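Q: Heads up: the sequence shown is residues -25 to -1, 1 to 1011, going by mature numbering (1 follows the signal peptide of the UniProt record, and there is no 0).
Don't read these hints as lab results, they were simulated from the structure.
Computed from a predicted structure; not experimentally measured.
Just so it is clear, CB atoms sit at the ideal spot from N, CA and C, and this is done for glycine as well.
Warning: the hint list may mix true and false statements.
[Unchecked claim] Listed next, the in silico DSBU-like pairs over lysine-lysine satisfying Cα-Cα at most 30 angstroms (straight line):
id: 1; residue 1: K731; residue 2: K772
id: 2; residue 1: K731; residue 2: K704
id: 3; residue 1: K380; residue 2: K400
id: 4; residue 1: K400; residue 2: K725
id: 5; residue 1: K731; residue 2: K989
[Claimed, not checked] Computed spacing ranges between beta-carbons, pair by pair:
id: 6; residue 1: Q524; residue 2: P572; range: 55 to 65 angstroms
id: 7; residue 1: M336; residue 2: E184; range: 49 to 59 angstroms
id: 8; residue 1: G515; residue 2: T584; range: 28 to 38 angstroms
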Amino acid sequence: MFITSRTLFLLIALSASMLATALRADDGNLLSGDGLAAPYGWRTEPGELWTVSGPGALEVNLEARLSGTSSNGAKRAMRTVRLPRERNGGLWRLSGWMRVEGGNHQRDAMLTIALQGGAGIRESVREFNPHSEWTYFEKRLRLPDGMAEVIVHINYGGRTGIGRVKELRLVPDELVPEDFSVEVAGEAVEPWRVEDRAYRLRGVIDTDEADAPVWADFDFQRLLLMAGCREPVDPSSVVVLAIDADGGQVACPVAFDQPIGTLADRYLRNGTLKWRSAPGAVVYEIYFNAAGPEGPRPLALERMLGVGELLTYNDEQVVPLWAGWPGVAIDPVDADGNGVQDLMVSSTDGGRFIARNIGTMTEPVFIPRMRELPTDDLPASGLMQQVSGDWDGSGNTSVLAVRKKPAGGYTDGVTATVDLRVPGKAVQTLSTPDGHPVVIDDATWTHLGLADFNGNGLPDLVVGSARDDLLILLNRSDLGAGVVEPFYVPFDIFMERPQGSGDMGLKPTVTDWNGDGRPDLLVTAWSGACWLFTNETGEGGVLRFSSPQVLTQKGGPLVAADSPVVWVTDFDGDGVADLLMGDVNGRLLFFRNTGTPEQPRWQAPVAVTTESGDPILLTARSVGAEHPVQGPAEWNWGYLSGAAWDLTGNGQADLIVNDSLGRLGWFENFGETGEPVFADELQAFTYQGQEVTTPWRNAPGVYDWTGDGYPELLVLNAEGNLVMLHLSKEKPGAVTRIEPMLDAGGKPVKINARTKPAGVSGRSNITVGDIDGDGKADILVGFSSYYEGGGAFLLGKNVGEANAPRFEVSPMRTGGGRMAEWTGSDGHDQWHNGGPCLVDWNGDGKPDLFHGVESGRVAYYANDYLNRRTFPIFTAEEFAARAEDGEAVALLNFGQLPAGELPVRVEDAKLPLQWLPVETLLQKGRKGPRYVRFTSPKPGEPVSGEVRIEVDAGTGGVATVKFYLNGEYLATESLPPYVAFGDDSTWDSRTVPDGLYELAAVATYIDGQTATAKVALEVSNGTPVKKSAGAGSLQP
């Protein structure tokens, strides 16, 4: 579904005039700025200025028209606002209108209004769409009592375009009216077919094809606001009916992965419904309710649909609670006043959610995270970089703050110390009793908490960092100012390192969970898992915590840590295929299926262990690596992949793995069918006595190409070319031959030419299967659009023979566009490489696709989705509501909306939701100028050393820009700025001899047209050629 004059997309970015006519408050128009702004808040002035005003506040004007014209970073405006003395705490509502014009496609917010205060308070509303009309935003937040002022930021993050803001307000929550009268479009004449549903969307698709994958996306929150309702949509209430010409109806099983759109944030995808079309249907009706007093519930998927839905547990399956990707903050609060603590969880894949506790405090169990109700209580917290309290018992309030010490850029790492600021004294660094400063050696992210953990009357400091352990600095002010004693909280998962969590980026929150007066700890981490540590310190003051309790939920999405790589295998030998997944944390997880392929019943994940009983964990830190690929910031990153195949001939599947260091190895299986036992030692694959390594994040394509029952491995070499490793049956793990893979023209198959810096290399997870049904296995590569070509996958079509493949590699296309993954995070297409697995799941003889996405979840696509020529497009015709007396009224008639009041999307051609935004823009006729010209290096100037190669390729729908030196391929870029090898990367000119070369750039547009630029390049280093990947045989 894509918006046209008769189509609803994302619901709309409703224009100011539309909402003003459709929604009126009893005591003034809430959305127009009349009446409610004074004495708190902001008021728009002519010329797109906003004015800060209030009792006793300094009145200022600030330009709020922010534009981005280059890659130099976000444009910002900022102002400090003093809060009225009589009302400076409690619940408030931040609101305003935003508009973005001509922005570029990116994964982060285009335009943000952020409110920042002391004690870690940072709340924001965000617009992610690169093109939008005026859209209303609103967020409830809690400010601590006594907060005297806040800082309001307006950030525009686009490289191109303009962001506009108007009618900013900060209003006490109780002053926002909740009762509305609605101006209706007319009577809803069609019969209401689901009696217990209050709302209906009615529309059509543009094909009579049966069993076709249909996507329809709505901004449910703004739809409901038009009906005078601020409650979120209840996913469990959604019903899709297909209506035939005679009025007959059939229910369509529907997937509703999770609506993430809110009044606070608007994404490219806000609430996507996915189903399959029904035979004979002429219209579809979507019924739903707003959430009731118990909050929204997830929608249970009846069966596998193969339309890109996320895998889910059944409603009653108890699994580890998931706070989101990655877990950012977790705050306990009795949101609904029922006497038990719920959890407010925040993450980067959709902001703030609530996990409601439907158990007790002693035996908590939660429902999967959902959006909060407007009546829910909120905590006042955030990521804490500093805390305050009476540190030394003097009665004065001291401040403890992290002082980070970057060694350079992100890849150079960050260490940190903690400053103690006591009133009237010099700043001190927290140090151990022997005088050594406490240094946090991996402080890319930090989070602090303050509490008296050991009961000695002095507050202690708990520190979460990018490490995999949790540090408490016990206050030893009795030994001197700023003296602390480090204590590491044990997780008791690994025998040799009990303080290791097997996760990273721990973020602790202090709470007295059990009400015994002692501070306990709630901890979340990168994977989104949550642990509860109960404080068991006795009268002697020796600090002690219980073993961590993994908090659980019922149902929800099947999830690992981020960037999981999927392998489908019957791991337990029961005849039903299960899932094996490696993830960013360096773990291998086993998800048992106790159901069927059509109706799987996934069990909670179990860590795969070795014969010693320790879970498999392969990270740069765990294996003692000196240099993680992306520097010290990523010591605890594993990016592990796992595949199962019998290498020893004992009938038991061994594990073939690759990790974040590119170490290709295997664990031998000594066990029996259904009871695998893996060796403690990781054995390396070797070639001519040397260990085989690949670029990082390169899951091998494991497949029997020769038909002898033994696998070959497809991996990348150091140059990013595809090679096949032939293995020895007689000597498991030995590579007998490394065969370069060639294209139809006999040239090496280039998957990722980016080799510098090392972090941009690899990123190519490979799976094998006959996708197009021609009898020859192809390859599918999880390879992000951020790095090359567009879309989430590269397709290597086999143009050779079944047992002698040759591959033509290009971005995978399906339904007329490049295949994108939309369930990554924040409603945008996936920007990091995923972990695909091709397997015939539904038994039709064709490979289907399981895809591990960056948020840690897994999407499923049937083969027919992969091979489609077009996707159906849903066109919304009417939005209606049913009153308590049973009368149904139409709130919106999408076919009769005035053109002048509609957002840009309403005026555009029909396009499928599955497409990438850049393809959408081209098809909508927004063709900008097409040209290519070099901006670096400058023509005629000799170059030496590291050289930035950059071109301007216009704005006319660029798909890729490829760079060549003397006709030999160098690199591909797909997003502006078009810099060879990546925005912060350079080409090392010392890899070729001195002399004159021809440097060329070829821009390919989505419709297949191209534009080319060439410049003469004089290389002048005066030194011998540096041997490096990519030097090849180039000569001047």
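Q: Against this structure, judge whether each hint is valid.
A: Tested hints:
1. Taking the CA atoms of K731 and K772, the gap is near 27 angstroms; set against the 30 angstroms cutoff, the hint holds.
2. Using a Cα cut-off of 30 angstroms, the hinted pair K731 and K704 is violated, with the two alpha carbons roughly 36 angstroms apart.
3. About 23 angstroms separates the Cα atoms of K380 and K400, which keeps this hinted pair within 30 angstroms; it holds.
4. Taking the CA atoms of K400 and K725, the gap is about 62 angstroms. The hint is violated against a cut of 30 angstroms.
5. Of the pairs offered as hints, the one joining K731 and K989 holds, with about 23 angstroms between alpha carbons and a cut-off of 30 angstroms not exceeded.
6. For the hinted restraint 55 to 65 angstroms between Q524 and P572, the CB-CB distance of approximately 34 angstroms leaves it violated.
7. Taking 49 to 59 angstroms as the suggested C-beta distance range, the pair M336 and E184 conforms, at roughly 53 angstroms.
8. Our hint of 28 to 38 angstroms for G515 and T584 holds, since their Cβ atoms are close to 36 angstroms apart.
Violation of the numbered hints given earlier is confined to hints 2, 4 and 6; the remaining hints are satisfied by the structure.
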